[in-house]
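According to the UniProt record's numbering, the sequence shown is numbered sequentially starting from 1.
Treat the hints with caution; some may be incorrect.
[To be verified] No more than 35 Å apart at the CA atoms, straight line, and that leaves these computed lysine-lysine pairs for DSBU-like:
hint: 1; residue 1: Lys-275; residue 2: Lys-117
hint: 2; residue 1: Lys-397; residue 2: Lys-377
hint: 3; residue 1: Lys-212; residue 2: Lys-293
hint: 4; residue 1: Lys-275; residue 2: Lys-290
hint: 5; residue 1: Lys-164; residue 2: Lys-223
hint: 6; residue 1: Lys-117; residue 2: Lys-398
hint: 7; residue 1: Lys-338; residue 2: Lys-198
hint: 8; residue 1: Lys-198; residue 2: Lys-117
hint: 9; residue 1: Lys-233; residue 2: Lys-223
hint: 10; residue 1: Lys-275; residue 2: Lys-164
hint: 11; residue 1: Lys-275; residue 2: Lys-213
hint: 12; residue 1: Lys-117; residue 2: Lys-203
hint: 13; residue 1: Lys-338; residue 2: Lys-203
Keep in mind the hints are simulated off the structure, nothing from the lab.
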Amino acid sequence: MGNNKRKQEIENENYEIYPQLVRLEIYLVFVLIVFSITIFLLATMSSFPTFFSALITGGMVLLTGFSFYLLRKKRKMIKEWVGPKSQTVDPVLLLSKCGIDINDFSDTLLQHCSSVKERMETITNHILDLNDKIHTTGQDINNVYKIVSQLALEEVKLMDAVGKTSEEINIMFDIVNIVIAEIQSRNETMENLVFLSKDGRLKVEDTNKTIKKFSESSGSILKLIDLINGVSKETNLLAINAAIEATHSGSEGKGFTVIADEIGKLSTMTANNAKQITKILKENVSDYGKAEKLGIESGNAFQFIANEIHIVHGTIAEVIQSIQELKSRGGAILSKAKTLDDVAERVRDTSGEVYGEIITIHTNLEDIQTLSDTIQKECEDIRDGQQDIFQLSATMKKKLSEISNETNNFF
């Protein structure tokens with residue numbers, strides 16, 4: 001009731017300094033707006049640099065002091081305005097009259113400070129989590145670096161092995177070419193042997209035919225010798241008869257006796273020579289038979305040799321074909337080895353690029369870690385400053401409550 005009466009009295013006073021009070025109210029409203037903006041910036045300042053954080057914190061302190069200064073000045077003006085009644089004027093009521101509820105303002109300020117504190121704690125926790133993740137990522141990158149380094153070493157070994165394999169394959173190609181040339185040369189020799197074997201077999205057959213003709217001719221000669229033996233026997237009988245007749249003739253037949261003796265000797269010599277020739281011819285016929293048999297065996301041997309050489313020739317052809325296939329596959333292997341060598345070289349180059357990127361990422365992570373530590377420290381400083389503001393706001397609320405209680409007790 002007393003407060004209402006005082007309000008009525010104040011309303012009935014002559015407001016000589018009303019414009020000054022209006023200007024103070026405008027200043028206070030401006031201070032409150034700037035103060036609210038500052039609190040909002042503190043709540044979202046995780047992306048601000050350290051300089052701005054310190055500047056905003058200092059600005060809040062200055063704004064708080066300036067607001068207290070304006071309130072003090074306004075209170076002083078009101079006291080000067082009401083004169084002796086200044087001891088009975090409630091400053092809270094005066095501010096309420098001017099549209100300012102200082103209690104609500106202090107409550108709002110405390111709520112914003114609490115909200116900023118919670119957000120700062122959340123940001124600090126996020127920064128700690130970020131530091132842990134950065135540390136884990138750094139360890140993972142170190143592991144990747146070790147793996148890439150090992151991969152690069154293995155690629156170098158692989159390239160050396162591929163190079164040696166390519167050299168060995170080229171050496172094998174040279175050896176294969178030499179073997180193919182030698183086999184082809186031997187193959188030509190085999191073809192010549194086949195030709196010579198066939199020609200020898202034909203000559204043996206011709207020889208067998210000639211021997212057979214000689215054998216047949218010897219048979220004819222034996223028949224002629226038998227005929228000569230018959231004539232010799234008849235001549236011998238004729239000589240005997242002539243000798244008998246010459247004996248019967250006496251001295252007149254002596255000439256016939258001599259002739260008969262000569263004819264007998266000739267007949268005997270012819271018979272002996274015929275026997276010798278027959279013996280020789282029979283031996284020749286026997287030798288011709290053996291020669292014919294040996295010729296047949298030689299022909300068969302030449303045929304066998306020709307067949308075996310033909311088989312060997314076919315085998316050599318298969319060997320040459322197999323070697324050609326081996327050479328072709330070796331060429332494919334060499335081509336794939338070349339491709340593998342190119343791939344290994346590209347992988348090595350890529351590994352070098354990955355190594356460089358890992359170094360860059362590791363450096364960036366170190367910079368991020370340093371920046372994160374700096375942000376964490378700044379957040380701690382801001383949280384300390386916010387705690388000071390919170391304490392100042394609580395103190396201000398307490399003082400305002402004491403002033404309000406004193407004015408209520410006065411009325």
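Against the structure, the hints come out as follows:
| no. | hint | result |
| --- | --- | --- |
| 1 | Lys-275 x Lys-117 | violated, 154 Å |
| 2 | Lys-397 x Lys-377 | holds, 30 Å |
| 3 | Lys-212 x Lys-293 | holds, 10 Å |
| 4 | Lys-275 x Lys-290 | holds, 23 Å |
| 5 | Lys-164 x Lys-223 | violated, 86 Å |
| 6 | Lys-117 x Lys-398 | holds, 20 Å |
| 7 | Lys-338 x Lys-198 | violated, 50 Å |
| 8 | Lys-198 x Lys-117 | violated, 115 Å |
| 9 | Lys-233 x Lys-223 | holds, 15 Å |
| 10 | Lys-275 x Lys-164 | violated, 88 Å |
| 11 | Lys-275 x Lys-213 | holds, 22 Å |
| 12 | Lys-117 x Lys-203 | violated, 123 Å |
| 13 | Lys-338 x Lys-203 | violated, 58 Å |
Of the numbered hints stated above, those contradicted by the structure are hints 1, 5, 7, 8, 10, 12, 13, listed in ascending order.
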